[in-house]
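S.K.: Using the sequences and the hints given, assemble the complete structure.
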Amino acid sequence: MKSLPLIFLGVFFTLAFSWTGIVLTSQIQLKEFTPATPDLVDSQDQPAPGGKYLVDGETIKNTPGMTANPQPLVGEAQRGKLVYQQMGCLYCHSQQVRRQGFGADFERGWGQRQSVPRDYIEQDRVMLGTMRTGPDLTNVGLRYSELWQFQHLYDPQITSPGSIMPPYGFLFEVREISPLTGPSAEAIELPEAYQPPAGYEVVPSRRAKDLVAYLMSLHQDYELPEIKFTQ
Amino acid sequence: MRKPAMLFLVSAVFWLLLGTVFALVAAIKATNPDFLGGTEWLTFGRVRSAHLNAMIFGWGNNVIFAVAPWIMGRLSRARIRHTSILLIAGIFWNIAVTVGIFGILRGDMIGVEWLEMPSYAAPLIIITYALVGVWVIIAFRWRQTDHVYVSQWYLLAAFFWLPWLYTVAQIMLIFEPATGVVQSLTNWWFAHNVLGLWLTPIALGVAYYLIPKVLGRPIHSYYLSVVGFWALALFYNWAGVHHLIGGPVPAWVISAGTVASVMMVIPVLVVGINHHLTVVGLHKEGWASPTIRFVMFGAINYTFVSLTGSLMALRHVNEVTHFTHFTVGHAHHGVYAFFTMIMFGAVYYMMPRLLLREWPNAFLIKVHWWMAGMGILLMVVALQVGGWIQGLQMNALNEDGTPVYSSFIQIVENTRPWLWLRSLSGLMILIGHLAFGVNVFWMIFSRRRAGEQTAPTLLSPTTEQA
Numbered sequence: 001m002k003s004l005p006l007i008f009l010g011v012f013f014t015l016a017f018s019w020t021g022i023v024l025t026s027q028i029q030l031k032e033f034t035p036a037t038p039d040l041v042d043s044q045d046q047p048a049p050g051g052k053y054l055v056d057g058e059t060i061k062n063t064p065g066m067t068a069n070p071q072p073l074v075g076e077a078q079r080g081k082l083v084y085q086q087m088g089c090l091y092c093h094s095q096q097v098r099r100q101g102f103g104a105d106f107e108r109g110w111g112q113r114q115s116v117p118r119d120y121i122e123q124d125r126v127m128l129g130t131m132r133t134g135p136d137l138t139n140v141g142l143r144y145s146e147l148w149q150f151q152h153l154y155d156p157q158i159t160s161p162g163s164i165m166p167p168y169g170f171l172f173e174v175r176e177i178s179p180l181t182g183p184s185a186e187a188i189e190l191p192e193a194y195q196p197p198a199g200y201e202v203v204p205s206r207r208a209k210d211l212v213a214y215l216m217s218l219h220q221d222y223e224l225p226e227i228k229f230t231q
Numbered sequence: 001m002r003k004p005a006m007l008f009l010v011s012a013v014f015w016l017l018l019g020t021v022f023a024l025v026a027a028i029k030a031t032n033p034d035f036l037g038g039t040e041w042l043t044f045g046r047v048r049s050a051h052l053n054a055m056i057f058g059w060g061n062n063v064i065f066a067v068a069p070w071i072m073g074r075l076s077r078a079r080i081r082h083t084s085i086l087l088i089a090g091i092f093w094n095i096a097v098t099v100g101i102f103g104i105l106r107g108d109m110i111g112v113e114w115l116e117m118p119s120y121a122a123p124l125i126i127i128t129y130a131l132v133g134v135w136v137i138i139a140f141r142w143r144q145t146d147h148v149y150v151s152q153w154y155l156l157a158a159f160f161w162l163p164w165l166y167t168v169a170q171i172m173l174i175f176e177p178a179t180g181v182v183q184s185l186t187n188w189w190f191a192h193n194v195l196g197l198w199l200t201p202i203a204l205g206v207a208y209y210l211i212p213k214v215l216g217r218p219i220h221s222y223y224l225s226v227v228g229f230w231a232l233a234l235f236y237n238w239a240g241v242h243h244l245i246g247g248p249v250p251a252w253v254i255s256a257g258t259v260a261s262v263m264m265v266i267p268v269l270v271v272g273i274n275h276h277l278t279v280v281g282l283h284k285e286g287w288a289s290p291t292i293r294f295v296m297f298g299a300i301n302y303t304f305v306s307l308t309g310s311l312m313a314l315r316h317v318n319e320v321t322h323f324t325h326f327t328v329g330h331a332h333h334g335v336y337a338f339f340t341m342i343m344f345g346a347v348y349y350m351m352p353r354l355l356l357r358e359w360p361n362a363f364l365i366k367v368h369w370w371m372a373g374m375g376i377l378l379m380v381v382a383l384q385v386g387g388w389i390q391g392l393q394m395n396a397l398n399e400d401g402t403p404v405y406s407s408f409i410q411i412v413e414n415t416r417p418w419l420w421l422r423s424l425s426g427l428m429i430l431i432g433h434l435a436f437g438v439n440v441f442w443m444i445f446s447r448r449r450a451g452e453q454t455a456p457t458l459l460s461p462t463t464e465q466a
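Top line first, the protein sequences correspond to chains A and B.
Heads up, the first sequence is in the numbering used here, so the first residue is 1 and it goes up one at a time.
Heads up, the second sequence is in the numbering used here, so the first residue is 1 and it goes up one at a time.
Derived from the structure by calculation, the hints contain no laboratory data.
Beta carbons are placed, not taken as given, at the ideal position from N, Cα and C, and that holds for glycine.
All clues stand as given, with none of them false.
DMTMM-like mimics (lysine to aspartate or glutamate), calculated; alpha carbons at most 20 Å apart, straight line:
1. A:K31 with B:E176
2. A:K52 with A:D221
3. A:K61 with A:D39
4. A:K209 with B:E40
5. A:K209 with A:E186
6. A:K209 with A:E173
With beta-carbon atoms standing in for the labels, derived distance ranges:
7. B:L434 with A:A198: 43 to 53 Å
8. A:T181 with B:V381: 54 to 64 Å
9. A:Y144 with B:F363: 49 to 59 Å
10. A:T230 with B:I91: 54 to 64 Å
11. B:L458 with A:G101: 52 to 62 Å
12. A:F12 with B:A362: 40 to 50 Å
13. B:F102 with A:R175: 26 to 36 Å
14. B:V381 with A:R175: 42 to 52 Å
15. A:E58 with B:V226: 53 to 63 Å
16. B:E399 with A:R206: 45 to 55 Å
17. A:P47 with B:S255: 30 to 40 Å
M.R.: Structure representation (structure tokens):
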């Protein structure tokens, strides 16, 4: 091993090999994916059981009159995703449900079915996550109310005593209740121990509202041609 | 060569200390979330990422840029040219890391693990990689020796791999994001290869240089090293996707990743045997030398951490360890107990030769050694035992199919004592790093005096002296 070109060729091809295998082939495979209805039909609107993955629009298409999923994020929820990203939520929370029998994702109530690649095709930033210091959030939008989310973000101890999640009090404003207009409609209810001084209220900032909108938008409660519930 | 190397070294030590402080803050927050809880800039997600980036890109890359070109220059036995390239690279690099970490704390984090730095730091990073890479190739190209050393393959390969990895990852994740979960695949192809094709080959190259050099005995087998090198090049590439086992990605990719992770046993054992057979019989000398103490600790942990990694890629083990602190322990085992310890050894070897004076205080080296060594072992044990329990509890089911630990908070509470131990280990490591930092600056600012010790600093008597 004395030749520079030989070493370079070797190291070049080893890396090119894995990039082609892991990244490129997956990209070629997945870039064809589109949102889909739970079942696909052929051009005569007859069920097309073989058509599990690709919707080409001519021979295999979505069932007319049914909603195709996943749907893209819009408005507040889309901005909220940026807050999720900037606060580093993904370092403690995953967004993926594993298949039944692998771990206990189903039994813990984190999902009705396993997550599949199509679930993520509309996302500009995919945050599957690799830690579950906190619970999985794939379907968190289905589990709690908005009020719960606001209280939990303001101080996790309110809703989940013993939690080690950081408090996000800085996403809220503690302000004097306006003598003219009275308490704000947006002010959040808090239990006795967490209430601000008399005459003050706790109002979520725009970022807090966006973040909650994002959390409330998280759900994989639809079926796809390739995946049905309890799979 | 002295100026750029010292620039990189001093910045490396600075980032190491800052990164350790970030780490300790994050660790305390993990058990006491109200600690600095009102400061947005220091919320857990950000300070944890600032820690990672300060360590990998601030400490890791700076120390590599100090040590690797220097070793390359020595092995090439040529007059060192164009050191200004390295000097410029050093300045660019530290501006990039400062900007990147400031961006993370400010809230411009990207949301991709190991690539948290905002995209405005990327151009400077790419330029630096290119400058250092070009310098290393120039140094190698004009070498005066016919022989090509094992260390040189590792260093050359690493300096070629990293810029390519980084550029592809930047493009496919930030400038032109790939479709859906292809992002996750690219993410772990990149992140694991930063370990496998950058930190690992550099640390192995450095170990392959230092062990024979300090002990005065050639590497046991040239052919074993060839096998070890190419097996690493071939298999490590594919291993990264084991971070997505069970996830929504094509199944065959996961299978390939698992196979590659298990195949890593080959290069790991080959390198382990080769290092061991080089050192065998010289343990007393090794223990006396600060360099070899740190390097051997790193080399032994390379074997352990890699074998653990192969096990963690197996389906049944992964089912427990995935998503838990076990993985965090594993990451620190690799980056610290293996990579960082070898780099400490390299700094202990290199600085006296750069500054032409000895280490001022052997006691501080011992403090550094014991605190860092025991600290990291405590951390790995705490996180892996705690993480294993966490994984078992998350998966445990009653006979009727309901979770045994139905309250998630209960599992969280059960990890707390282990996370406390981690904070304690972090404190130990911080003490070690302070001892190291004091020694480094003491050495830089001390003047040489008449009658000063000129023999190498030893930590215990060698066979000869005894």
